[in-house]
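**Student:** Make a model of the complete structure from these sequences and hints.
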Amino acid sequence: MIVLETNNLTKKFGGLTAVNAVSMTINQGDIVGLIGPNGAGKTTFINAISGLNPPTSGTVTMFGKETSGLTPEKMCRLGLSRTFQIPSPFPKMTAIESVMTATIFGNPPGKITDPVAHSREMLEFVEFPMKETVVAEQLNTVQLKRLDLARALASNPKLLFMDELASGLSEGELKDIMRIIDKISKKGISILMIEHIMQLIMAVCNRLLCIQFGTKIAEGPTQEVANDPKVTKAYLGE
Amino acid sequence: MSKNIVADLTAWVRTAAGLSMTIAVIVAIAATIHTGPYLLVNTIVTGGMLALVATGLTLMLGVLNIPMFAHGEYFMIGSLTAYYIFTPISEFILEHPDSWLVTFGPFIAILGALIGGAIAGAISEKLVFGPLRRRSTDNWVMNSFLLTVGLSVLLVNLHQLIFGADFKGIVGYWQGMPISIAGAYISLDRALAFIISAVIVALFYLFMTYTRTGMAIRAVSQDITGAEIVGIDIEKIVLLTISLACALAAVSGGSLLFMIPSYPSVGLEPLYMAWFVVILSGLGNILGAVVGAFMVALLKVITVEYVGAGWDFVVPSALIMLILIFKPSGIFGSDVRGVLDK
Amino acid sequence: MEPTTNDLNMNLFDRVLDRLCLTPIGLAGLILLLILPFIPPFNQEYMLRWLIYCGFVAAMSVGFDLTAGYINIVNFGYMAVAGTGGYTSALLVINAGLSPWIAMLAGGVSSAILGLIIGMISLRLRGIFAACLSWFFGLAVMGLAIKMVWLTRGPLGLRTPRLFETESNFPFYFLIIILVYLTYLVCKWVVRSKMGLAFQAIAQNMEAARTSGIDPVFYRVFNFTMSCAIAGVLGGFYAHFYGILTPDMMHTSKTVEILAVAYIGGRGSLWGGAVVAFPFIFLMEIVRSTLSHLPGLNLVIYALVLILVMIYYPGGFSYFYDTHIRQPKNRALRYFLNGREAKV
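Residue numbers (numbering that gives the first Met the number 0), protein chains in the order written: chain A, 0 to 237; chain B, 0 to 341; chain C, 0 to 343.
You can trust all of the hints, since none of them are fake.
If the Cβ cut is set under 10 Å, some of the chain B residues that face chain C in the computed set are:
no. : residue
1   : V140
2   : F144
3   : L146
4   : L150
5   : V152
6   : L154
7   : H158
8   : G163
9   : A164
10  : S264
11  : L267
12  : S316
13  : I319
14  : M320
Honestly, the hints are just simulated from the structure, not real lab data.
The beta-carbon is built from N, C-alpha and C at its ideal position, and this holds for glycine as well.
**Tutor:** Written as structure tokens, this is what we have:
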């Protein structure tokens, strides 16, 4: 089953074309890695899908329904959730309140009977290392990323975008993240992840999408794309 | 070749900036033909004053990210300083009508206003903005805004407490026959007030564009960390910017003393007019602020002329609101943002 | 929103107190305010007049804080919004013969509509620009009140019938205390509900809030409308207490007064402004009337306090209270300050 499909998705900022006619699909259960050099337009691409920066042209189809140009809050209710590259939960809220915000507003009314318990469950699920009453602005980046992930999962998404979740992690933390990604996938959530750490990509992704200068240069099974000479060239230069 | 120019021109006219400027020019010409040239003169004098205040405001906002609510009070300080310098001078002139002070006395008063404003700005930075900058952790824009609100109330009431609430005005700076241009009589005071503001705005523009210090100020407005790395002394630049911005407002107050007497809350009108300009022209855009100043001045003069005095509260603010709704970044919208918003 | 609150381990008194959003010290304060007019020297009419003004500022600052503290937008035309409510109410009483009580509510409705409009058109603007827009709106409304002489009698002022047909200020005092408390209670209920979470979320991080499924349009506009409706009702009270309404009430400097009290009290607390208003405004009135040969001195002090608070203690009184006073060792005192605390 196709979860998400983009067709010639294009995003322009004035004269600059940040994403140029990218078409791709995500199937149920996929863990797709979105790779490409810095400034290739990866974050712009997922912003365009999730509605933060609506696309200039092209279409987005999610679960068979056209969703191009819908606002982020509508996309959230349709089952799309995301984390941010610079993890940014609500700075003055406690960890549990941040997650509860998404629990309460990201789910249909009445679906979650006990938001507090559900939010706690999410914090446990991402193995949040601190007390739930800690205020977000006191956390470090690694902890914030976990919190942001818990917030994103709290709305019970069917599709999850993760923007550089693993950058700056130590070897041990990388292992933890891999295990958590595995757990998310086992819940039946399809994943699109922007990532630079090849070790992680090779370990968890079943398919890869590579873009450069806003244009798709390769898409397919992980090994195939990783060995594609065009991809190697994009990373290493001529 | 000429075809290109025509095409460029039509393209420019179609942009928000071009469109509004074209409309402004047409309205100005039509109103001048209809009512008389004094309308144009009023627009230009008010516009020159507004340009000074608004550039100062733009500077504060663009470089330091301080949404200045107390800027009108530096206008007040300028007019107050000029009043207390010019009153003894005019008494002296009465006794010695041949003195060189007849010509240069007003300049001394206006220069005094400029210096007074600069000093007041420097003191405010040392006592108020500096401490806030060193202590501020987040929410800089809002906190500094509230701080300037406090500063405004403080200065207004200090004026009232020390100098009283009465109007402190003068009859005029320069005696002599009004100049006649194309059938319109312009008093010497008005003509010189406009020339002074034009010269100062031009000097200011040249200063910002060509001098090392001006470039440093612009560098700070774009990237404070980068500016620090290349060895710019931030503290000095901030101090300079604030006193410069305040001096611009003060000189405007000083040179318009013959028209607007000094009293505690004289600054409110220049303040909100300058804010109109800043919103209209977008943030941190000095040239835009100058053009916007004349457009707002025109709007005000036309409103007073055709709708009636007192409506200049209502009509311009309604128009500005419309602009904000349809073009939140302003007509000349540029993306120059302040940098202290941590 | 306090997720860990557990109603089961509370006795009835604590539960009622919690529903009323009060702590024992809050209740004590409220009772003190209610018996204050019977204690000399506060039982004199001029003192009561000052206290009523304190109450008005207190209630206004609570309504102001709902917007400023929770969605981080300074409504810089707040007194103009209140003035709109006041004028609507006064005009309905004078021209349509309505009872001032109903007219006050109508004033609230008119201000709510105004708030709805401001909220809608300021949607695309953030922070300082939304503040500017509401400021310009306030200037325009005040300009209208000055110029529409046929309706408002302009700067001459509109004579309005008072709420109670008595010379005494006593009934007005109790009414404003009730209004202060009601304003606080309604605002507190709203921010305790899931709405409060949404307000904070869109103020703290718009993008994360939206991707978490919060519709910022609804919550921002709702907040604005509610805060303005409160101002409108209070404006009606103002009109029918002083008996005369001038456009001066809508002046920016009046909004600054509310704003200063709200921020000195502490943003985002709701109660801070209300608590600070009484002693602070009262002292200012004393300074003003005893040192009347030094006009403006009270406002100089006022401004100095605002500046000092902004520089050295931007959290205001409520932050000071929360960090330094709220957690004493003594258990009885602790209960007195916080009420029954939920077990974490």
